[in-house]
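Keeping their order, the protein sequence lines are chains A and B.
The opening position of the first sequence corresponds to residue 27 in our numbering, with each subsequent residue numbered one higher.
The opening position of the second sequence corresponds to residue 27 in our numbering, with each subsequent residue numbered one higher.
Take the hints with a grain of salt, since some may be wrong.
[To be verified] Label pairs and their computed distance ranges (CB to CB):
#1 A:Glu44 to B:Glu407: 50 to 58 Å
#2 B:Arg144 to A:Ser306: 31 to 39 Å
#3 A:Glu44 to B:Arg144: 52 to 60 Å
#4 A:Val141 to B:Pro86: 28 to 36 Å
#5 A:Glu154 to B:Pro210: 48 to 56 Å
#6 B:Gly302 to A:Lys147: 42 to 50 Å
#7 B:Ser406 to A:Val141: 38 to 46 Å
[Claimed, not checked] With a straight-line cut-off of 27 Å between C-alpha atoms, the simulated DSS-like cross-links for lysine-lysine are:
#8 A:Lys353 to A:Lys364
#9 A:Lys57 to B:Lys218
#10 B:Lys364 to A:Lys156
The set of hints was computed from the structure by calculation and includes no laboratory data.
For every residue, glycine included, the Cβ atom is placed at its ideal position computed from N, Cα and C.
One letter stands for each residue in the lines below.
There are 2 protein chains.
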Amino acid sequence: MKKIIVQKFGGTSVADTEKIKNVAKVVIREKEKGNDVVVVVSAMGHTTDHLVKMAKTLTPNPSSREMDMLLSTGECVSIALLTMAIQALGYDAISFNAMQVGIMTENIHSKARIVDIRTEKLRKNLEEGKIIVVAGFQGVTADGEITTLGRGGSDTSAVALAAALNAERCDIYTDVEGVYTTDPRIVPNASKLDEVSYEEMLELTHAGANVLHPRSVETAKQFGVLMRVRSSFKLEDMGTLIVGVDKMELYRPVAGVAADLSQARIVVCDVPDKPGVAASLFTALANENISVDMIIQSYARKVSNTNDIAFTVDASDLAKTMTVLDKLKNEIGASDVKVDDEIAKVSIVGAGMIDRPGIASTMFETLARLGVNIKMISTSEIKISCLVEKADAQKSLKGLHTVFNLESDIMADVKGDLPDV
Amino acid sequence: MKKIIVQKFGGTSVADTEKIKNVAKVVIREKEKGNDVVVVVSAMGHTTDHLVKMAKTLTPNPSSREMDMLLSTGECVSIALLTMAIQALGYDAISFNAMQVGIMTENIHSKARIVDIRTEKLRKNLEEGKIIVVAGFQGVTADGEITTLGRGGSDTSAVALAAALNAERCDIYTDVEGVYTTDPRIVPNASKLDEVSYEEMLELTHAGANVLHPRSVETAKQFGVLMRVRSSFKLEDMGTLIVGVDKMELYRPVAGVAADLSQARIVVCDVPDKPGVAASLFTALANENISVDMIIQSYARKVSNTNDIAFTVDASDLAKTMTVLDKLKNEIGASDVKVDDEIAKVSIVGAGMIDRPGIASTMFETLARLGVNIKMISTSEIKISCLVEKADAQKSLKGLHTVFNLESDIMADVKGDLPDV
Chain A
27 MKKIIVQKFG
37 GTSVADTEKI
47 KNVAKVVIRE
57 KEKGNDVVVV
67 VSAMGHTTDH
77 LVKMAKTLTP
87 NPSSREMDML
97 LSTGECVSIA
107 LLTMAIQALG
117 YDAISFNAMQ
127 VGIMTENIHS
137 KARIVDIRTE
147 KLRKNLEEGK
157 IIVVAGFQGV
167 TADGEITTLG
177 RGGSDTSAVA
187 LAAALNAERC
197 DIYTDVEGVY
207 TTDPRIVPNA
217 SKLDEVSYEE
227 MLELTHAGAN
237 VLHPRSVETA
247 KQFGVLMRVR
257 SSFKLEDMGT
267 LIVGVDKMEL
277 YRPVAGVAAD
287 LSQARIVVCD
297 VPDKPGVAAS
307 LFTALANENI
317 SVDMIIQSYA
327 RKVSNTNDIA
337 FTVDASDLAK
347 TMTVLDKLKN
357 EIGASDVKVD
367 DEIAKVSIVG
377 AGMIDRPGIA
387 STMFETLARL
397 GVNIKMISTS
407 EIKISCLVEK
417 ADAQKSLKGL
427 HTVFNLESDI
437 MADVKGDLPD
447 V
Chain B
27 MKKIIVQKFG
37 GTSVADTEKI
47 KNVAKVVIRE
57 KEKGNDVVVV
67 VSAMGHTTDH
77 LVKMAKTLTP
87 NPSSREMDML
97 LSTGECVSIA
107 LLTMAIQALG
117 YDAISFNAMQ
127 VGIMTENIHS
137 KARIVDIRTE
147 KLRKNLEEGK
157 IIVVAGFQGV
167 TADGEITTLG
177 RGGSDTSAVA
187 LAAALNAERC
197 DIYTDVEGVY
207 TTDPRIVPNA
217 SKLDEVSYEE
227 MLELTHAGAN
237 VLHPRSVETA
247 KQFGVLMRVR
257 SSFKLEDMGT
267 LIVGVDKMEL
277 YRPVAGVAAD
287 LSQARIVVCD
297 VPDKPGVAAS
307 LFTALANENI
317 SVDMIIQSYA
327 RKVSNTNDIA
337 FTVDASDLAK
347 TMTVLDKLKN
357 EIGASDVKVD
367 DEIAKVSIVG
377 AGMIDRPGIA
387 STMFETLARL
397 GVNIKMISTS
407 EIKISCLVEK
417 ADAQKSLKGL
427 HTVFNLESDI
437 MADVKGDLPD
447 V
């Protein structure tokens, strides 16, 4: 049986018909290697923005069901055009929307999760030698309702298809050449990683690296789908392979450095130190669908028997958060609520730090040497994040990038051992 | 049980979000009368042209399956936006594409015919008090393939839905105020008809009146669906009601005058007068999907035992027709093929002419008096068409319009008997 490769092309890769012709060539290149190819595409360039704008002129709060009906058209345009472009080059191809494939999701509009993918139609058409082009970002419920998958949706469609079809690999084509040790726009000598683990990738994406949405990486990790992030314009470049940490050598303590400038910090002051206060606070925020990132609760002060609860939210959720806190402030007995949105979260990520002591202290020392004040710290097994002044973000990133030797291509010596693709 | 009204709005009526807001008001106006409302919409304005243009930059001959996938997105955008606009005005509404409704068609792309419409989902949502907005122009096959219905598709969707739902009426909203006795751009004192029969409407549309596609009228006639053509901008105007001829009094011999300037005449000269010649000629044309309109075969000449076959085709099919004839000319033994595209077909239409002699002679005399030379004549029970020089089309139309008393509103005296809407 032939190997199946799933390819995913984002909106910038199919922004106009010239770019679609280029994508058709990339698709055929994979087919010519003797593989079966399933292609997932997003809507063309700014299509989604344009549709959202039209909806907003009709009503400030369009129903999410109708938004899904509206937005799902964008990918259907892309799949038809890409299929035509492939056919024009003399190859057999066929497009399917999510309803036709049977990309089954839960019955939630605008951010549905995939629950099952029917593979019969796909396998039948692959057996007939066809290249299959599938609409990303969309799904269908058991009742025939059209859903969309929310942010990172098309990446998730591609990974889920790869899992359902037991594909050899899921290639995410994008406008960058792979996953970098940090944001090349901030640190010019950032280097591309040849290999990164799911876990590191997850921490990097959560920490602000925008290459992949964490959701697709989580799905890939769950089903063991091999992912590759690569450029649709530089095909000679193999990009970055994302694999299970168990398949990697722990050859480096820190894989990458990331900064997230989109957060705001809130401190709820002098909350009585009694059970249930934190719970009622964070339940109220969760009820409004506000994601909280870092949370720090100070030790209770002996005299007043109160403590401070500090946490960060995405700046776009700040207004909603303040509405919740205004209501809750008296109820939980807080003296004050302070907001700071001139902050940045700087993180170092690496599966290698698990067994290596001293990484955290190196980070804190480096920031101290640079005169950067640390406002909050949070850690996971493979990540350490420090909240700093927004103005200090760039020098923090650069300093950490140097200290952890990310300038040189530290993967160079293992390049020969990478799987052949 | 409530009456069901099906409303159809074309591309110009939903060309932008301001116009969509206007359509939402028209829809709600009908709902407020106590009726259940099912709305059928076309793609916004020039959407289809834009999509076709993109496809053509990829390949001169896109596959019809992928064109259907591409074009069907246009109506899905319209239904979502219109539903949002209705909801914004405080009414419950829901959109469905053809796949969701189950507008079942035969398995032919780009010009499928509807074979069945599932009504369960529609009835259930109507019972819940919802206004239903359905995508016109598209259908789905039993295998889940997306099809489109070809020219006049959205009108046909609306009439077929009205038939399936046993609707009270199918209102076709457009940018004109109804069906006129002739083209008001050519004959300024053309008057609007308050009522016209299916048969007259069919002859008028075939004869070049562009208000409705004949296919939708045929479907309405077949299922006895009452249609009304009316303006979405002048709601006080009741437009034109299209009903069965059996329900009309034969109060006027001629209902309208039409001109078709898009045809070309071809004369195949000196064809041997033997069986099978005409058959092989018109079969060859049919195989190329060329529709032939008027056909005239002269009496065989005694001496040469040959005759001439003259026919008209749409000018857009002329190149294709000539390719067929170039191949066929020697085979059928014709001496020459002559083409004339400076022609116009002028027709008078009226169910009343069935029992009234003298209508044809009045038409011919009128044209003779105006100095108009008649090149070909064809007749049906309720239509007489004359082929004339294109330069004579306007004066022919005006003259016939006057002779048959179409200037005055001849329906005025029966207005009181029209059904109340």
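A quick look at each hint next to the structure:
1. Separated by about 56 Å at the C-beta atoms, glutamate 44 (chain A) and glutamate 407 (chain B) satisfy the suggested range of 50 to 58 Å.
2. Judged by the Cβ atoms, the range 31 to 39 Å given for arginine 144 (chain B) and serine 306 (chain A) is violated: they are separated by roughly 50 Å.
3. At roughly 41 Å, the beta-carbon separation of glutamate 44 (chain A) and arginine 144 (chain B) lies outside the given 52 to 60 Å, and the hint is violated.
4. As the Cβ distance of valine 141 (chain A) to proline 86 (chain B) is approximately 42 Å, the hint placing it in 28 to 36 Å is violated.
5. Checked against the given bound of 48 to 56 Å, the beta carbons of glutamate 154 (chain A) and proline 210 (chain B), roughly 54 Å apart, stay inside it.
6. As the Cβ distance of glycine 302 (chain B) to lysine 147 (chain A) is approximately 47 Å, the hint placing it in 42 to 50 Å holds.
7. A hinted range of 38 to 46 Å is violated for the C-beta pair serine 406 (chain B) and valine 141 (chain A), which are about 59 Å apart.
8. Distance hint between lysine 353 (chain A) and lysine 364 (chain A) is fulfilled; the C-alpha atoms sit about 15 Å from each other, no more than 27 Å.
9. Restraint check for lysine 57 (chain A) and lysine 218 (chain B): the C-alpha separation of about 61 Å exceeds 27 Å, so the hint is violated.
10. Straight-line distance between C-alpha atoms of lysine 364 (chain B) and lysine 156 (chain A) comes to about 47 Å, which puts the hinted pair past the 27 Å bound.
Hint compliance for this structure: hints 2, 3, 4, 7, 9, 10 are not met, and every other hint is.
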